[in-house]
Amino acid sequence: MPPLPQDAARQTLEIRDLSIAFPTPRGSARVVDHVSLSIGGGEIVGLIGESGSGKTLTALAVLGMTPRGARIESGSILLGGESLLDKTERERRAIRGDRVAYIPQDALRSLNPTLRVGPQVGEPLTLHRATPWTVAKRKAVELLAAVHLRDPARRAEEYPHQFSGGMQQRAMIAMGLCLEPQLLIADEPTTALDVTVQAQVLRLVREIRKEHRTAILFITHDLGVVADLCDRVYVMYAGAVVEEGPVDRIFERPSHPYTRGLLRATPAMHGPKEALIPIPGQVPLATERPKGCRFVDRCAFAIDSCHSPPPWVEVEARHKALCIRAGEAEVAA
Amino acid sequence: MIAFTNYSIRRHGLLTVGAIIVAAVVLSAIFAPWIAPYSPYDLDVTVMLHGPSRAHWLGTDEVGRDVLSRTIFAAQISVKVALFAVAIGLIGGTIIGMLAAYCGGTVDTVLMRLMELLFSFPAILLAVVLMASLGTNVLNAMLAIGIIFIPGFARLARASTLSALQQQYVEAARSIGMSHSRIILRELLPNVVTPLLVEAAVAFAYAVLLESALSFLGLGAQPPEPSWGNMLNTGRGFMAQAPWLSIVPGLALFLCVLGFNLLGDGLRDMLDPHLRD
Amino acid sequence: MARLLFTRLALFVPTLFAASVVLFIAINVVPGSAARSALGVDATPQAIMRFEALNGLNRPLVVQYTDWLGRALHGDLGTSFQNRVPVAPEILKRLPTTLELAVLAFLVANAIALPLGALAALRHGRRADVTISALATVLGAIPNFWLATLLVLVFSLHLKILPAGGYTPLLESPWKNFTQMILPALSLGLVSSALLLRIMRTTMLEVLNSDYVRTAHAKGAPEWIVVMRHALRNALIPYLTVGAVEFGFLFGGVVIIEDIFRLPGIGSLVLVGIINRDYPVLLGSALIVTFIVLTANMLVDTCASLLDPRQLRPREAGR
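Chains as they are written, first to last, in our numbering: chain A, 1 to 333; chain B, 1001 to 1277; chain C, 2001 to 2319.
Derived from the structure by calculation, the hints contain no laboratory data.
Here a beta-carbon is modelled for each residue, glycine too, at the ideal position from N, C-alpha and C.
Wrong hints could be hidden among the right ones.
Said to hold, decoys possible - With the C-beta cut set under 8 Å, the calculated list includes, among others, these residues of chain B facing chain C:
id	residue
1	1016
2	1017
3	1118
4	1212
5	1217
6	1246
Claimed, not checked - To give a feel for the contact side, a few chain C residues facing chain B, derived at Cβ under 8 Å:
id	residue
7	2028
8	2088
9	2137
10	2140
11	2143
12	2276
13	2279
14	2282
Build the full structure now, drawing on both the sequences and the hints.
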C-alpha cells in the first residue's frame, strides 16, 4: 500500500481507486470502476449519477454492506485515516451506526413497521454504548425534537405508518444522528418527498453540518438539490467518476460532456422556455463497456483518441474531468 | 457463478427425479400384470407371514399373498383414483372458476364464498361425510375426492381467467362481436391451462394420499383388492410378527407422493418462476 | 382493536352456520341413504319407512335442517341411531382429548417449522438451506398414518419405551398422558411442520430482504438482534395468515391418528359414526371438528392482526 499523503488524516472519508465487481452469466461486471473520492469534516459532498452508475454500491462499500456476490477487486477506503476494508465484520459492525450513519431513500420501508419509532431511533445507543432502554428512549425523544418533529414525546410512542413521509425521513435522520457520527451517507433522501418537505430536510442537513461538523456524502440524481446543498460534487457515469469539483464551478463550467449533457437535460437548470436536450443513447451494460472512454458512443465531441483510456485533465483548481477534451472552449460552451 | 449453476441444476434435477418416480408408478400400474411375479389374489397358506425370501422378495402377508405383487397392483388403484379425482376437480373447478370470473358481480361473490368455505374444511372429514351418503367403495372415493378438489381448482381458474380477461385480445374479440362461449373457449382457456397443470400435479399427490387414508380407514378399496392404504391397515394387526407389511406399502405410497410433489414443484419452477417459493 | 375483534366475530358466526349447512347437505347428498345404511341391505321397505318416520327422515331436507339446527342451538345434537345415546354429551366428554392432541401437534409443528424455516432463510442458498429444504420436501410427502405406524414399530415394539395406544386423562396422570401423547403428536406434527417450514422460510426471506432489515444492519446490529427484534415479528404476521390453512390439514389428520392410537377423541367418534352408518353421531362429531378448525383458523388470523400495528391502529395524517 502506498504511504498516506500528508493531508489524508484530515479527510474524514477517503476512497481510493475502489473497484467492485459482480459475477454475471456474461462475465465479470465491474460496477464500480477505480473510483476515488474524499470528504473532509463539515463538507457536504454530492455524488451525482443515474441509477446503475454505481453510486449506491460505493456507499454500501463504505458501510461494509455490499450484497453477496460483490467482490471488492482493488482499492482502499479510509475513515479518519483507518482502513475499512482490512477490518473484520465485527469491527465494521462497531463502526456502522456509530461513526458512519446511513440514511436511505424510502423512509417508510426503512422503518420497522412493528416497532415504535422511539425505540428504533434510540437503538444505536443500546447497540454501541450499552445504554439501557429507558435512557435510550429518552434520548430518542430529544433527537426527534432536534429534527423539528412536533410533539416528539408522543411521536416516539407511535408507529412508522402513523407518520407522514416527511416525518418518517426526519425520523431516519434522527436515527442516523443518534451517536453523532463522523460521516453521514444520505442515499437519495429527498427523492420521494414533495418539494416543500424536501426543503425542510435539506435545511436540516445544513444544520447538522453546522452543528456537528459531520462529513456528509449526499447521493442523488437531482441536480437542483446538489446546486442548493453541496460544497463539492462528484459526477459518476457507468461506474466511474468522470468529473469532480466545487459545485459552483461544475455548474458554471461543466467540463465533461456527460456533465454537460446532464445539465442540458435537467429542467431545473433551465429557464421556462428553453428546450430540454436529452442525452442520446443508453448507458452501456457493465459487461459491454467500450474500451477507452466509456461515454464515447453517446458523446457529441468524440474524437479518435477517445478510444483509448481518457486522462484526468485539471481544468481549474481542484476541478478535473476524465476527458481528453476537457477544458476546451468548445466543450464547455 | 458456480452457486447459481449448481442451484439451477439442482432444480431441474428434482424435476427429473420426480418425473422418473411418477413414470415408474404409472408404468407399474399399467404393466402390473406383466411385471408382478404373482397375482395379488393368489393365496398360499403354506407361506403366511413369511419375511423377504427368494421366492417372495418382499415377503408375504397373512394369507400368503406376495407383498411385492400386491404393492405393484396397488399402484393401479392409486393412479386410477387420482386420475379421476383430479379430472373431476379440474373440470368442475375450471367451469366454476371461469364462470365466476367471467360473470363477475354477485355470481362471482357467491361462488367464491362457497369455494372458500369448502376449502376450509379438512379434506378427510368432508370425504368421510360424503361417503357416508354415497357409499364406501373406490368409485365413491374418487367422486368424493374429486368434489373436494373443486374449490382449489376453481380458485386458480378464476385467478387465471381474471388476469387473462384483462388482456387486450379479449377486448379485441369482444369488439368484433365474438360470442361469449367462443371467447371463453378460444381465448381464455389456453392461458388458464398452464397454472392448472402445475396444480394438477400437486393435486395428484394429495389424491393418492387421501385415497390411501380412506382405504386405511376401511372406507375405500376393500380387501382383497390391494391398495397401499388397506395393506397398511391389515399390516397393523401383525406389526410384531411381520413388520414388512407395515413398511413396504407405506414406502411405496411415500415415494409416489414424493414423486408427484417433486414433479409439481419442478413444473412450477420451470413454467412460472414467479410462483416459486 | 375492539373493532377488529368485533368484525372478526361478526364474520365468523355466519361461517359456522354455512359450514353446518354444507355438512348437512353432504351427509344427505344421496337421499334416503341414512335408513338403508343403518338397517343394512336386507332391510324391508316397511322397516325402512318405519325407521324414517321414527327419525323424521321422511320430511323435506330444509325442514330436517332447521329442526336439527334449532335443537343444536340448544345443545342437542340428536341421538345415536345405534344405541339411542345422546350425541352431544359424548362429544363433550371426548373434546379434551382431541383438543390436547391438536394443541400438542400444533406445538410440535411450529417448534420445528419456526426455527428451521428461519435458519434456512438466514443461510439462503447455502448448505443449511438446501439440507433443510430437502428435509421439508421429504417430510411433507410422508403419510401421517404411515409415520404413526413406523413410530409405533420403532418406539413401542422395538425399543419398548412408549405405549402404542390408549389414553389417560392429563389430570389423572400427567406422565402417563405425556408418554401416550408423544407419538400421536409427533405423527401429526412432523408432517405438518414440513409445509409450515416452507412458509416460514419464504416469509423470512422476504423480511430479510426488506429495507428495514437493511437499516438494522446499517445501525450495526448483530445478526441475532436483527432476527429477533426486527425480522421475526414481521415474518410471523404473514406466516400466521398463510399457515392458518395448514391447521385445517392438521385437524383432518386427527381422525386417523386417534384411530391408530386408540385415543377417545372426537376424531375417532367420526369414524364410529361412519362405520356404523350412524348419521347423528357422524354429523355431530364432524360438525364439532369443523368448528374447532374454523375457530382455530379465526384465532390464528386474529393473532396475526394483533401482531401488526398497522392493522390495530388506523393511519393518522401526521404533521
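Outcome of the hint check:
With its C-beta approaching chain C no nearer than about 14 Å, residue 1016(B) sits outside the 8 Å limit, and its interface hint is violated. Among the interface hints, the one on residue 1017(B) is violated; its C-beta lies about 11 Å from the nearest C-beta in chain C, farther than the 8 Å criterion. Among the interface hints, the one on residue 1118(B) holds; its C-beta lies about 7 Å from the nearest C-beta in chain C, closer than the 8 Å criterion. For residue 1212(B), the shortest C-beta to C-beta distance to chain C is roughly 6 Å, which falls under 8 Å, so the interface hint holds.
Because the closest C-beta pair between residue 1217(B) and chain C is about 6 Å apart, less than 8 Å, the hint holds. Interface restraint check: residue 1246(B) against chain C, minimum CB-CB distance 5 Å, threshold 8 Å, status holds. At a threshold of 8 Å, the smallest CB-CB gap from residue 2028(C) to chain B is about 6 Å, leaving the interface hint in force. Because the closest C-beta pair between residue 2088(C) and chain B is about 18 Å apart, greater than 8 Å, the hint is violated.
Contact between residue 2137(C) and chain B, as hinted, is supported at the beta carbon level, the nearest pair being about 7 Å apart and thus within 8 Å. Among the interface hints, the one on residue 2140(C) holds; its C-beta lies about 7 Å from the nearest C-beta in chain B, closer than the 8 Å criterion. For residue 2143(C), the shortest C-beta to C-beta distance to chain B is roughly 6 Å, which falls under 8 Å, so the interface hint holds. Contact between residue 2276(C) and chain B, as hinted, is not supported at the beta carbon level, the nearest pair being about 10 Å apart and thus beyond 8 Å.
Interface restraint check: residue 2279(C) against chain B, minimum CB-CB distance 7 Å, threshold 8 Å, status holds. Annotation: residue 2282(C) was flagged as interfacial toward chain B, and the flag holds, the nearest CB pair being 6 Å apart, inside 8 Å.
In this structure, the earlier hints numbered 1, 2, 8, 12 are contradicted, and the remaining ones agree with it.
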